Amino acid sequence: MRLWMFLTVLSVTVHASLEEITRNKNRGRGSTWWGIAKAGEPNNFLPMSAGSIHMEPVYATLRRKQRRLARENPGVLMAVSRGANQAIAECQHQFRNRRWNCSTKNFLRGKNLFGKIVDRGCRETAFIYAITSAAVTHSIARACSEGSIQSCSCDYTHQSRVSAAVRDWEWGGCSDNIGYGFRFSREFVDTGERGRNLREKMNLHNNEAGRAHVTSEMRQECKCHGMSGSCTVKTCWMRLPNFRVVGDNLKDRFDGASRVMVSNSERARVTNNAITSNSASNSKDLVYVEPSPPFCEKNPKLGILGTHGRQCNDTSIGVDGCDLMCCGRGHRTQEVTVIERCSCTFHWCCEVKCQLCRTKKTIHTCL
Amino acid sequence: MEDAGTTVFYNDEDDCLDYECLHNNVEYDYDYTDSEKETLHELYQHCLSPSLFDTGHYILPLLGSTILFRLLVHTEYISHQVFHILSVIIGLYIIQHYVHESLIVLIVFVLFSYGILHVPERWHKGAGIFLPSLLIIAYCELSMQPVIWHRIRSVIMTMVMKAISVAIDTNDSNNLPDVYSYMGYMFCGVTCLFGPWVSFRNYLSLRYSSSQTKWWIICSIGFVFLSFVFLSISNCWTQWIFVDNSWKWLIAYRDAISFRTSHYFVSYIASALLVLGGFPLSSSTIVKPLYIEFPRSLVQVVVFWNIPMHHWLKTYIFRPSIQNLGKFGAVIITYLISSLLHGLNFQLAAVLLSLGFYTYVEFQLRATLADTFDACVASKQCTKKKCMHKYNSYNCMVFMTNLMFSFGAIFHLAYLGLMFDTSDLQETGYSYNHTINKWAELGFASHWVALATYCIYLLTK
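Sequence lines, in order, name chains F and C. Quick note on the working numbering: the first sequence kicks off at -15 and runs consecutively. Quick note on the working numbering: the second sequence kicks off at 16 and runs consecutively.
Among the clues, some could well be false.
[To be verified] Here are the computed lysine-lysine pairs in the DSSO-like style, where the Cα-Cα straight-line distance is at most 27 Å:
no., chain 1, residue 1, chain 2, residue 2
1, F, Lys218, C, Lys453
2, C, Lys395, C, Lys476
3, F, Lys218, C, Lys303
4, F, Lys235, C, Lys263
[To be verified] Computed list of chain C residues with no C-beta within reach of chain F, every gap over 12 Å:
no., residue
5, Val120
6, Arg311
7, Asp386
8, Met412
9, Thr475
Don't read these hints as lab results, they were simulated from the structure. Just so we're clear, the structure is a prediction, and the values are computed from it rather than from any experiment. Note that beta-carbon positions come from the ideal geometry of N, C-alpha and C, so glycine has one too.
With the sequences and hints as input, model every part of the structure.
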């Protein structure tokens, strides 16, 4: 009897650990929450009933801790969902002219929103992790100051007037609760990345880098007032970063991302730029562990669509140019008529009226 | 155990090899344009509320002591000496509270300048009038930290202007003011922080005349309200309306308008204080925003930018020097003195000297045009009764010409004002490189335009 039980336990653990190995080999596991971006969109699997909270289908993709967080902080899921959408939009904007264009899959339950490219620890994956984490931080902080998350309110930690003498100006308004957004993002996004292996370390680092970009862009701006440009009175306010700025910065880091190599001692070592991975200077850098696969040809194993049928720019010599985009396969040029709005006029007040015009456009598509 | 729920969903990933499945990779047109711009609520929370409330909090002691000053003015039974002493005490409190770094320097300066008044003129031949002022500016510029100097500059400037005006008046009339009224005038709490310069006579006549209207309280509240409107424009609305990635001239216009509205804010606060402190309404107008935002000419901008300062420069610098130096020389010396008063700062000097040149050229060219075509196109609007020109302002061509000069002035103002931005340099004074870089970004366009105007003027002369 005891032996039988022991065997069962053994088989279960072996099975589990085997599964763990296969999964850990290639997958960042804390990433299924991205599906929340599609919350509210109808999908084939779960027809929505009108009464049920429309977050219900995505609830299943969340991990236990994430569900708890969502339960304890009402309103937070909407913000995360908004953040995820923002991340996707920004990613697609940043990569609109590259071979990999940050395409997302139609939401299928449990599947990875960005497709199997995430299984590889390449630059693109690093960017995805960073931008999603940044977007959640941004969106939560915003929702906080809007008051749509009940468990957080205006953060008054910045308010510390020294004395009645207001010589040095102190911040007195409602700071955008960037601290709450940061902490929440760390709890929510980093769930499941325990930092045990290199890939999980990479994910954690990139998540953290994304958040660091948001906080560093969130800044207090001040303006001097006084007769003829002197600084007798100084007033300050907060400037919310435009998410586009965060996206631009992350794209810059993407271009200069560092590859982390595994040495024999299992310690992370950054070959590029020779900077250690935990120094303050590169906490905003993106790191990756594998080279990017070629994105030219269709590769279903990696979820790569290839650049067949993509539009390109025949005058550009950059990545969006037809030579590079089509990987030398050549391109097809066709003329299409596009209907677009034109000759818009402003009518007092306040309406813009446009006509619909047919214009001929030449588009180039990769073969 | 935590993974139990999610494991299930990983299994079906690999069977998605067929065409159908790949075609599900539709690109979604994610739309989040709403996050491009702050909402009004956010604008209120991030910018309007901190700016307005903190500034209100900041100026409360100033308002309080001004009301106290007003009570003193209207208290009949205290003697003049006591009044002046109390005025000094209020002023010293204001200085100690807001710009305590300058307290010692100012006391030394006021005593020194009063001492100089006693030195007979034949010993220094008029130059001594400017000596204490030059010394204090040089001392502050060279020995103080830039941040502190930049903060107290306007206070020192107002004091220097007061001292020079008294010195020149004394020189002309040989009538020395007594020490109490001199000290009371110099440290007058109403004008010592934000200015403006008021004449000694105005200060003395506070006690004698009751020329203020009954509506003084409404007026001062109105001025405070207007100043806060301008503050909100300067801090928040300009940044909100023109986003950072607009066209570069639009950005220039935005930064310039932000600087101008900041000036209106300070000027209106000063106006409110003047009215509150008992000064007559007629001498309390410092700035006329409408004449600056929609200028007829640059000359008009310069005049209405700071009316008391303009009056001071005209009375004490321009008119005395016009006999010796001629018109062009007098204009240049006026702008030089003005930039000297503003401290030895390259950016301000460059802006002021550019303005001096622009206004001179504009004034001359328009005067020539007005003469030649007998039309009302001069820099100053000719009054309806006195207009001797054949074509008045309602003539189409005259109107168009004036409009063109107006747009020219707006363009010049955007170019000159854009450098007073919110970069880190604003607390220490803007550097040479900052100025040149900002102008180079716009290709020195306004200077070229001014040069072209000058050439046209030379041709038409």
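Against the structure, the hints come out as follows:
With a CA separation close to 23 Å, the supplied pair Lys218 (chain F) and Lys453 (chain C) stays within the 27 Å bound. This hinted pair checks out: Lys395 (chain C) and Lys476 (chain C) have alpha carbons roughly 19 Å apart, not beyond 27 Å. Restraint check for Lys218 (chain F) and Lys303 (chain C): satisfied, since their Cα atoms lie roughly 23 Å apart, inside the 27 Å limit. For the hint linking Lys235 (chain F) to Lys263 (chain C), the alpha-carbon distance of about 24 Å falls within 27 Å, and the restraint holds.
The claim that Val120 (chain C) lies off the interface holds: its Cβ sits roughly 15 Å from the closest Cβ of chain F, which is beyond the 12 Å cut-off. No beta-carbon of chain F is positioned within 12 Å of the beta-carbon of Arg311 (chain C); the least distance is around 23 Å. Separation of Asp386 (chain C) from chain F is adequate, the least Cβ-Cβ distance of about 34 Å exceeding the 12 Å criterion. The claim that Met412 (chain C) lies off the interface holds: its Cβ sits roughly 29 Å from the closest Cβ of chain F, which is beyond the 12 Å cut-off.
Against chain F, the non-interface label of Thr475 (chain C) holds: every CB pair exceeds 12 Å, the least being about 34 Å.
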